[in-house]
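So in full-length UniProt numbering, the last spot in the sequence shown is 276, and the numbers never skip.
Simulated from the structure, these hints should not be mistaken for lab results.
Check the hints yourself; a few may be wrong.
Result set (BS3-like, lysine-lysine): computed pairs, CA atoms no more than 30 Å apart in a straight line [to be verified]:
(1) 156 to 243
(2) 156 to 93
(3) 243 to 93
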Amino acid sequence: MSHAFPALLRLVCLTVWSLLIVGPYALSRTVGWGYRRLGVFHWWVCSRILGLDIRRYGAVSANQPLLVVSNHVSYLDIFILGLCIPGGVFVAKAEVAGWPGLGLLAKSARTIFIDRRRSATGQAARDIRRRFVQGDPLVLFPEGTSDDGNRVYPFKSALFSVADTPVVLPGNDTASEPWVQPVTLAYTRVDGLPMGRCLRPLFAWYGDMDLAPHAWTVLGFGRLGVDVIFHPPVRPADFASRKALSGYCQAQISGGLSRALSGRLEDEAPAAASGR
1 MSHAFPALLR LVCLTVWSLL IVGPYALSRT VGWGYRRLGV FHWWVCSRIL GLDIRRYGAV
61 SANQPLLVVS NHVSYLDIFI LGLCIPGGVF VAKAEVAGWP GLGLLAKSAR TIFIDRRRSA
121 TGQAARDIRR RFVQGDPLVL FPEGTSDDGN RVYPFKSALF SVADTPVVLP GNDTASEPWV
181 QPVTLAYTRV DGLPMGRCLR PLFAWYGDMD LAPHAWTVLG FGRLGVDVIF HPPVRPADFA
241 SRKALSGYCQ AQISGGLSRA LSGRLEDEAP AAASGR
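Just need the whole structure built from these sequences, with the hints factored in.
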């Protein structure tokens, strides 16, 4: 059951923390030092405030350049992946920048906004290349929308055009195409108890749901358990087409979600726990 007092307390804490961190974070970005560690610390504090109990299986790949693709359930995904992927930069559709609340959250995560009708062209392509050169993993939600947490929607293969950007990394003479790493997000527990298929959509933000009342409800719940599964990275060159790469990543993420929701991850020791 959602309660008003915890929701209000968390909202106040998030607001105060955001005001405190904005100055140091902007300074670290300006001088180009310490922003990755500060970013992870920021997402860790947010996760503590939100009551997120995150279990990680596997780890983000050390290969560079790296594109991470994940299923998309909620705005909470940004906090979770921001914590689990140090230096991660999100790639989102351009209209997200203008959304109340979420637009500010996306900008704070150094999101690259692209017009999906034009793929990754112009300024977006330059931003993508620059972030890759800096060693920042890019994070993409290829469903193109959020789902209800119980399934993975079909991936839009055109969004994998981000992986078409070859990058000359520092110290190398030749360009490298990005590795692609699928990641599964599974919302599985509330206060340590299994969430269940019927309760899970209460935490997912999808369809035409209004943000403010949904966020208020989520903030009023207890601890929310999330499993994050890092699958092995792959090279796009090993696939015949973007569609084949997209299909492979979708199958990996869907399989991970099925294992997590059915409790089959219990036999696998998590690599780490976060947000506690």
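A quick look at each hint next to the structure:
With a CA separation close to 8 Å, the supplied pair residue 156 and residue 243 stays within the 30 Å bound. Between residue 156 and residue 93 the alpha-carbon distance is near 13 Å, which keeps this suggested pair within the 30 Å criterion. As the CA atoms of residue 243 and residue 93 are separated by approximately 20 Å, the hinted pair is consistent with the 30 Å bound.
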